[in-house]
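Spelled out, the chains give:
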Amino acid sequence: MAQDDISFTDLIASSIHDMKNSLNVQISELEKISDQCKKVGDLQAYEDLGGVIYQANRMNSNLIQLLSLYKLDKAIYPVDIAECSIAELIGDVLLQNRSVMDFKKIELSMDCSDDCVWYVDRDLVAGVLLNALNNAYQYTQDKIRVTAQIKDGWLELRIEDNGKGYPPFMLRDEAAAAAKGVSFLTGSTGLGFYFSSQVARMHKNGDRQGMLIIENGGAYGGGCFVVRLP
Amino acid sequence: MSVSLTKARTLVVDDFQGMRTILRDIVRAMGVTHVDTAANGREALNLLRGSRYDVVICDFNLGPGLNGQQVLDEARLHDYIGVSTIWVMVTAEKTAEMVMGAAEVKPDEYLLKPINQSILESRLERLIVKKQALRGIEEAIKAKDYAAAIDRCDQLLHADAAKHPEILRIKSDLQLKVGDYDGAKALFESILAARSVPWARTGLGKVYFHKGEYDNARNTFQQVLDENRMFIEASDWLAKTFEALGERGRAQQVLLDAVKLSPNSASRQKVLGETAHKNGDLGVAQAAFERTIKISEFSSNKNPTAYVALAKVLSESDAPDEALKVLTRTKGVFKDSTDVAIQAAAVESAVYRKTGQQDLSDAAMAQAEQLLASQPGKLSQDTAIEVAQAMLALGRKDQAFGLMRDLVKNHHEDTQLSNKVEELFEQAQMGAEGRSLIAESREEVIQINNQGVMLAKQGQFAEGARLLRTALQNLPGSEVVMMNLCGLLIGQMRAEGKSDALMTEVMELLERVRELNPMNDKARQYMSALHPSGGRGPG
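Chains as they are written, first to last, in the working numbering: chain S, 175 to 404; chain B, 611 to 1149.
Just chain S, same shape as in the assembly (with noise of 0.2 Å):
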């Protein structure tokens, strides 16, 4: 019968492109929506707007890194490693979070030079990006920094915020999963770091591969979520 020869994950991924265009329609209607009622005057109602946006802001961050990661395990995603700049990157990923990130008050900065380019996929990374955002805001007190920089042959990204930083067991796992080259599909938010270790890995140059690294402290105390790319 036909509907056998349907895959169960292919169905999956269908559905999950379909709720992502769905999805997609409803973020812009939900901005100018905002927006209009910022431009009333109604406070409130832009606030609470706030909340929604950034709610399905996360959904569709996860949406794609469902999709992406389905496409990587059937090695049909198309991986383009190449010159990007990484400031535009941030930039953008930055751009496309700021208003969610006003809502909160929360302050976000950059610091990154103009000139530094390196060899990564740049959809990827900016997946990788928003989804240590989004993490980032719902931990943070208050501001949250995105820094890059290029040390010894590694592109170093860090997202780093003024929370209370990741719990002790996170800490000791997250080691734990790497040194045995797997990863940590545990609690609520694996899929967030999943993905993210799933993408460093794939950058490789030589012998070196990337890395996900997360830490307490830099330059706010708080959580430090620390991507280092060949």
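In short, the hints are calculated from the structure, not lab data. Among the clues, some could well be false.
The calculated DSSO-like cross-link candidates involving lysine-lysine, where the alpha carbons are at most 30 Å apart (straight line), are [as the list claims (entries may be wrong)]:
#1 B/723 - S/278
#2 S/206 - S/325
#3 B/617 - S/213
#4 B/752 - S/378
#5 B/964 - B/988
#6 B/716 - S/248
#7 S/378 - B/870
#8 B/723 - S/248
#9 B/740 - S/212
#10 S/213 - B/752
#11 B/821 - B/754
#12 S/248 - B/988
#13 S/194 - B/752
#14 B/821 - S/194
#15 B/752 - B/821
#16 S/245 - B/988
#17 B/904 - B/964
#18 B/754 - B/1108
#19 B/988 - S/206
#20 B/723 - S/212
#21 B/904 - S/317
#22 B/787 - B/716
#23 S/279 - B/964
#24 B/935 - S/194
#25 S/325 - B/988
#26 B/723 - S/206
#27 B/795 - B/716
#28 S/378 - B/716
#29 B/723 - S/378
#30 S/245 - B/870
#31 S/245 - B/904
#32 S/378 - B/795
#33 B/904 - S/248
#34 B/1108 - S/245
We have chain S; now place chain B onto it with these hints.
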């Protein structure tokens, strides 16, 4: 918001009403006053034909009909957009075509949904700056003045300490185009020393290929694909390399894999069809040619070769009715081309012959010949080979040989063509005769050219020119003879002083060469040399 952006005439193309409105509103909110919208490729092309747009924001997926890339191809083909037009392709997801379509014309930027105002605005601002920086290069490329384009790249690279990789990439493409393989190789190797970048390694493979180092080329393309199998351009080149190495079965396999990843390239499907056809894999060939035709269905840049080849495959698959149907369709689609009509008639003759309908076969061939007589000297290579094949099938060996002799002489340096001609004779079980025909024809032209060059060396320019003029009467399509004659005439003027008559003759020759092959570099160099003050000569 820069002033140039608010004044930009902008076109939004999306088949989805909701998305179209969103995009239009975003653009308007950016302060752009002139925004038009189109719901499909045809509408978009009508608008593009009507007025010049500065910015086009086009969804890749436009439902039935043309897709975004095809709209871009058409717009560029018909010159509806200039080098300064910014074309942003919007897509819901990243595809292999985006990463490495073999597309000649690429959009300035791909934008993944969701799109909001700030993203679109910042991208457009950035593209305006970039476009301005690269404008000199793009204009020189459009005018096919590659030397000037390379100069411009070098200027930018000198000015920019960071040596922006994009300019290096453009420069290396140009170096390959003008045949500066050593220069290109050095550039690719300097990049590869730091990192295995797929475009640079693919470029290195191309250098090996052009130098005839096929083993190196194969290993290099293979390495690109091992490291990054989405880099489809390397697949196309790997297949080409296998073909050159005579490993056609492996070429077919590489193309089959590539087509799975990126099924929408008409040219790749056509190459797959041709390769499978040669391998006798008629099923694969048929599917690939059908796909080629289907992809270009709504394009004005259709390739008749795929139609004719499909008819031949069908005839070989014992489906003569289908083959004839395709030929009728071919004549309809290309009704303005006598060349295609000749090919179609020749193949029709072969189809009828195979079914034993000798009268009909003869009639079709007579028609081909009648058309042929109306087009002296203007036959395309493919048509000449097609007609010769039909003639051989009808046992008209002398005619076929005469036709092929002329063809080879007119293009005696074109090894691809000689291979095709050799294959034709091979198929007709006249391999040995074919090979000697090719060798003799080439030798004859080489002799004449050598004599001309010899006379030039001895300072007997007028004598040499006379010889080549006579040769050219029999070889009206030979670029090499024309260029050598030009060289002699220029030499003659240097020795004896300028003459209007000789100058006119040179310019006419160069114009003929340019018509035959706009890429002929030597012709370009002569043109520039003859117009030292007037810049680059006609582009």
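*Give me the numbers of the hints this structure contradicts, sorted from smallest to largest.*
2, 4, 9, 10, 12, 13, 14, 16, 19, 21, 23, 24, 25, 34
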